[in-house]
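Just so you know, the protein sequences line up as chains Z and P, in that order. Numbering of the first sequence is given in the numbering used here, commencing with residue 1 and proceeding in unit increments. Numbering of the second sequence is given in the numbering used here, commencing with residue 1001 and proceeding in unit increments.
Errors might be hidden in some of the hints.
Anything over 12 Å on all C-beta distances counts as not near chain Z; from chain P, calculated [as the list claims (entries may be wrong)]:
hint	residue
1	Ala1058
2	Thr1180
3	Leu1188
4	Gly1193
5	Glu1215
6	Glu1237
7	Thr1285
8	Ser1286
9	Asp1311
10	Ala1330
11	Lys1371
Some chain Z residues close to chain P (C-beta under 10 Å, calculated; not the full set) [stated by the list, open to error]:
hint	residue
12	Thr75
13	Gly209
14	Glu211
15	Thr212
16	Gly247
Hints are computed from structural coordinates only; laboratory data are not their basis. Glycine included, every Cβ here is placed at the ideal spot set by N, Cα and C.
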Amino acid sequence: MDRLSHEKIPIWRDERVLKAAAQIISSLIVLGFIFWGIGNFLEITQQRGMALSYEFLNEAAGFPIKESFIPYDSTMSFGRAVLVGLINTLMVSAWGILFATLLGFLIGLMRLSTNWLISRIALAYIEFHRNIPLLVLLFLWYFGVFTQLPSVKDSITLPGPMYINQRGFYLTWPQLSETGALFGISLVAGILLAIITWVVLRRIREDKGKETYFGRVSLAVLILLPLIGWFAAGGAPLRFDVPVLQGFNFQGGLHLTTEFSALMIGLAMYTAAFIAEVFRAGILAVQKGQIEAARAVGLHYSQILMLIIIPQAMRVIIPPMISQYLNLTKNSSLALAIGYQELFAIGKVTINQAGRAVPVFMLIMAVYLAISLLTSIILNIYNKRVQFIER
Amino acid sequence: MSRKLFLALNLLVAISILAAGCGGTQTVEPTPTTGSEVVEISTPEIIQAAGYGEVLQAILARGKVVCGIHTELLGFGYLDENGRNIGFDIDFCRAVAAAVLGDPEAIEAVPITAADRGPVLQTGEVDLVTRNMTWTSKRDAEWGNFTWITFYDGQGFLVRADSGITTLEGMDGATVCVTTGTTTERNLATAFGDAGLSYEAVTFEETSAVYGAYEEGRCDVATSDKSQLAAVRAGFENPDDHVILDITISKEPLTPAVPTGDAQWLDIVKTVIWALINAEEFGITSANVGEMTSSENADIRSMLGVEGEADWGYTTLGLDPDALARAIAAVGNYGEIYNRYFGPDGIAFTLDRGLNNLWTEGGLIYAPPIK
């Protein structure tokens, strides 16, 4: 026995050597393929004078962008234009995600309802949105709904005042006045401090078992601090920017354009259908016995929902939810068709004006990849916390 | 331990491959390929760059000329009731196909958007772009080679007749619909910026979406090349409700273009366009091209490739002597093409010839002689 085990195994039968060889060969193939791809790409771009350079990002863009959340005009650079596009993408995605989640949650609960009518309405909603391509839905929203609203002169007036016409929503919006800086700071400080108080006091209660009234205390902080700031600022720190019809359009106030609204609502409603199914799956995944047990110990229905069902459903809900959020963000690139200028639309204009297709496409891909990975990381951290609750 | 060792090994291998590869590409000299063969076959006395003649060879092998075109622009590139691609731009593509392959139907019409025009030229996906494209220095430098101006256009504004807008200043604060990825967008920014006027631009990728949004009332103004505006206006339900303002804010020389790298192909397309213009000067039409072969004028006989007449360049261009005659027979001369779509009895809409008259008629249409 000893002799056998000490006998030298031939190299071609040594498992470790074989494994190493297989690893090296497979990585050679993969690397060779990647290298060939990159080499081919570089050669072709060289040949066709499409050299990979990003210097053009400093040149003046020269094209207008309708809506921008940072200052922009057509004399600014291509780089700035792309940044405007990125912020527009993030803006429409963030609002889209918020509304899609709320609506999806509602539809999901409706779908679970024991009421036949409510459940069928939710089913119809889900099937309608899941079985029609998003682009078609966006066209429907844009050309079928939003541009069919009354013209500027016949705008619908709502109290506020708020005006609705085929060019979008014009809202009266508060703005910090010249003396409002102090109030602005106190508002931000109040929110931050309220969160900190909530977390700290709650931990103290959990650790020491002493009631700290964390809810009431943080609410007081949230109200009192900005209130102090309001009076300290003296006079009215906020003034209301009211939209006024001047010439062709309303000026002032907050303008949510038709394109933004159509895209945001289209994306939110489409994604909500998928999110509703995710919610339903998550809630159905909670074992019936859990609910029966909760009922047996005398928990109220809302308590069962908040303490038993939702925490356990979250485990199932979060991972598919991440991909729905990513889908929504990526789908926002369809905005091109209905005239909302987000990252992809501005990228395409940049390609045309600067004539650099490959670098711009690579930039766009890198940015979308970064957004997606960042979203995944954040939600995965949250997911891990939710998963730990499992018992 | 061993796992780390494997990783290290793999990394080493990877680095060495990359290093070897990089070294490789740097030392490899560009070797003469198919280009040189072509040189030997055609005319050895002319020194020709790599790529020369490749497009023509590919077209002959394929039996089709691939053209990047518009499918939604009345008059320039659109579909007739049978779904056939027709239009002013398409006819130039057909003329080239008739000259090269003898058949004006031997085209492969690839619909492209305004923003696609650069990339399809840069990658050589199409042989020819005849899609309502303005010639600019930057596009010539970066996209491809522009051939010959076929239509002189300028950017204008389309407004509703009851809007009361008559001047550029009258548009202050207006919402303007515009196609994205065009010179139009930039001209708009420049014109309004210079005049110190504010505006809101709503941009779309598709031309149909631009005018759809304008017609619905999303915009007060639509801006584009005047010919395009005329085309769109003619297609509206009530054309009289809309007016094209008498303002021109840019020069838009519409020009077909070819990918860079094949000088022969560039010359072929240019010569075909020149021939169509020369044909109008000489009074050669699709109807009388046959009779004209017995013309008194030696230049006409040469252009039509009558046997025994001088070579107009076809030997070097790799074409048949009667290639230009076939092009004229297929689509007619420049004036015929223009009138087919924009003339008094044009099938698209009526557009005054203006700058697009022959130079002898006070216009700008002028081409080098075919001889």
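Regarding the assertion that Thr1180/P does not contact chain Z, is the least Cβ-Cβ distance greater than 12 Å?
Thr1180/P is in fact no farther than 12 Å from some Cβ atom of chain Z, at 5 Å.
Does Ser1286/P clear chain Z by more than 12 Å, comparing its Cβ with all Cβ atoms of that chain?
holds, 36 Å
Status of the stated non-contact between Lys1371/P and chain Z (beta carbon gap over 12 Å):
holds, 34 Å
Can we trust that Gly1193/P is non-interface, i.e. its beta-carbon lies farther than 12 Å from all of chain Z?
Nearest chain Z Cβ is 7 Å from Gly1193/P, so the label is violated.
Classify the hint on Gly247/Z as holds or violated, based on whether any CB of chain P lies nearer than 10 Å to its CB.
holds, 4 Å
Determine whether the non-interface label on Ala1330/P survives the test: each CB of chain Z must be over 12 Å from its CB.
holds, 32 Å
Determine whether the non-interface label on Glu1215/P survives the test: each CB of chain Z must be over 12 Å from its CB.
Non-interface label on Glu1215/P violated, nearest chain Z Cβ at 9 Å vs cutoff 12 Å.
Supplied contact hint for Thr75/Z, tested at 10 Å Cβ to chain P
Check passed: Cβ of Thr75/Z comes within 8 Å of chain P, closer than 10 Å.
Checking a non-interface call: every C-beta of chain Z should be farther than 12 Å from the C-beta of Leu1188/P. Is that right?
violated, 7 Å
Minimum Cβ distance from Glu1237/P to chain Z greater than 12 Å, as the annotation requires:
The assertion about Glu1237/P holds, with a minimum of 16 Å to chain Z.
Using Cβ atoms and 12 Å as the threshold, tell me whether Asp1311/P really stays out of contact range of chain Z.
Since the minimum Cβ distance to chain Z is about 33 Å, Asp1311/P lies beyond 12 Å and the statement holds.
Restraint satisfaction for Glu211/Z [CB to CB of chain P, less than 10 Å]:
violated, 53 Å
In this structure, the earlier hints numbered 2, 3, 4, 5, 13, 14 and 15 are contradicted, and the remaining ones agree with it.
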